[in-house]
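J.: Okay, here's what each chain looks like letter by letter:
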Amino acid sequence: MVTVRLATPLRKFSDGKPEITADGETLQEVIENINAKSPGFADRIIENGEIKRFVNIYVNNEDVKMGKGLATKIGKNDIISILPAVSGG
Amino acid sequence: MGLTLEEIKRYSRQLVLPNFGSREQNRLKNSKVAITGAGGLGCPTAAYLTLAGVGEIHIIDMDRVDLTNLNRQFLYTPQDVGRAKAEIAARRLGEVNPNIKIIAINEKITYDNAFELLKGYDAVVDGTDNFPVRYAVNDACAVNRIPLFHGAVLMYEGRAMSIIPRETACFRCAFPEPPPPGMVPTCREAGVLGSMTGLVASIQATEAIRHLAGFEIALKNKLLIINADTMEFDTVRLKRREDCSACGKQFVSKPVLEVCETRQEE
Chain A
-18 MVTVRLATPL RKFSDGKPEI TADGETLQEV IENINAKSPG FADRIIENGE
32 IKRFVNIYVN NEDVKMGKGL ATKIGKNDII SILPAVSGG
Chain B
69 MGLTLEEIKR YSRQLVLPNF GSREQNRLKN SKVAITGAGG LGCPTAAYLT
119 LAGVGEIHII DMDRVDLTNL NRQFLYTPQD VGRAKAEIAA RRLGEVNPNI
169 KIIAINEKIT YDNAFELLKG YDAVVDGTDN FPVRYAVNDA CAVNRIPLFH
219 GAVLMYEGRA MSIIPRETAC FRCAFPEPPP PGMVPTCREA GVLGSMTGLV
269 ASIQATEAIR HLAGFEIALK NKLLIINADT MEFDTVRLKR REDCSACGKQ
319 FVSKPVLEVC ETRQEE
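Protein chains in written order, with our numbering: chain A, -18 to 70; chain B, 69 to 334.
Watch out, some of these pointers could steer you wrong.
FRET-style restraints, in silico, Cβ to Cβ [unchecked claim]:
id, chain 1, residue 1, chain 2, residue 2, range
1, B, P253, A, E28, 16 to 26 Å
2, B, F283, A, E28, 39 to 49 Å
3, B, T254, A, A17, 44 to 54 Å
4, A, E31, B, V84, 52 to 62 Å
Read the hints as simulated data drawn from the structure, not as lab findings. Just so we're clear, the structure is a prediction, and the values are computed from it rather than from any experiment. For glycine and all other residues, C-beta sits at the position ideal for the given N, C-alpha and C.
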């Protein structure tokens, strides 16, 4: 199980919870497993097999787009943060 | 220009801070800062910069005070409803610290005027409330090489980052594109607590004041994510993108409004 932190705009997929746990050995698998419980989740994040341009995903605070993207290997104690930009003020 | 006796007494609580002396206070006194947006973030950032003794503060906002602003925008009273925010904020803060110059700029920031409007400042503190203006402010600061102190709030979540153009990741490096319209709600739609805007604004102001005084700042190449549900403060690492359309090798940015509209048509 890994911890997945969801930014406010994505919390309709977690019953409003800021943090959920999920299984998966890669980032892609983790997202698919969340999607199985909360359909529509993957579509908010992935487009044509890649992370959407306006969504950032950090594994242990590192941007996966600068590394292996959806193929990033996920370990047991990793923390994944998924966030689009917010603009309120 | 040195400090007057009144200033030495007024700022004495910060002048006793380690490594903070008359040289640092004079740097603040000789600084010129723009606050974009005099709302939930802009009121407290403008207030703290005023209190700290930043010499010249320009408050840019064309909105008028609305009753719904008063749960968080503490520079306004019910009597101010309908009046120009920038002017009231400037007048009120001018009373708090008559040593400094505060100028109200009653103008709407757009992609067309941002590059001219945001020129000649030592820093910009962003307290705007929508993507088109935020990207315009970011791009103008990137091109004009003005340090930008970013903050944003949504419900119980806050974000902050400090941008030194051409040295650290800018807002477009972190988020090359805004989310499509409707994906990320506004404060009007989703709500915001005044203390959350105060929390984020205090961080923006602290970073800006420290930078202007000559200190190293903490939120370069970092995005701070504050989650008031858990009171976890995360910092994720950011990197400059060589292909960034605002601060990369070639400036090719377009107004975000155009990007949003194109996407809606698709």
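J.: In this structure, is the beta-carbon distance linking F283 (chain B) and E28 (chain A) contained in 39 to 49 Å?
T.: With Cβ atoms ~42 Å apart, the hint holds.
J.: Falls inside 52 to 62 Å, the C-beta gap from E31 (chain A) to V84 (chain B)?
T.: 53 Å, holds
J.: Just tell me: holds or violated, for the beta carbon distance of P253 (chain B) and E28 (chain A) against 16 to 26 Å?
T.: Check passed, 21 Å falls within 16 to 26 Å.
J.: A range of 44 to 54 Å was offered for this pair. Does it hold for the Cβ distance of T254 (chain B) and A17 (chain A)?
T.: Given about 31 Å between the Cβ atoms, the range is violated.
The structure is inconsistent with hint 3 alone, although it conforms to all the rest.
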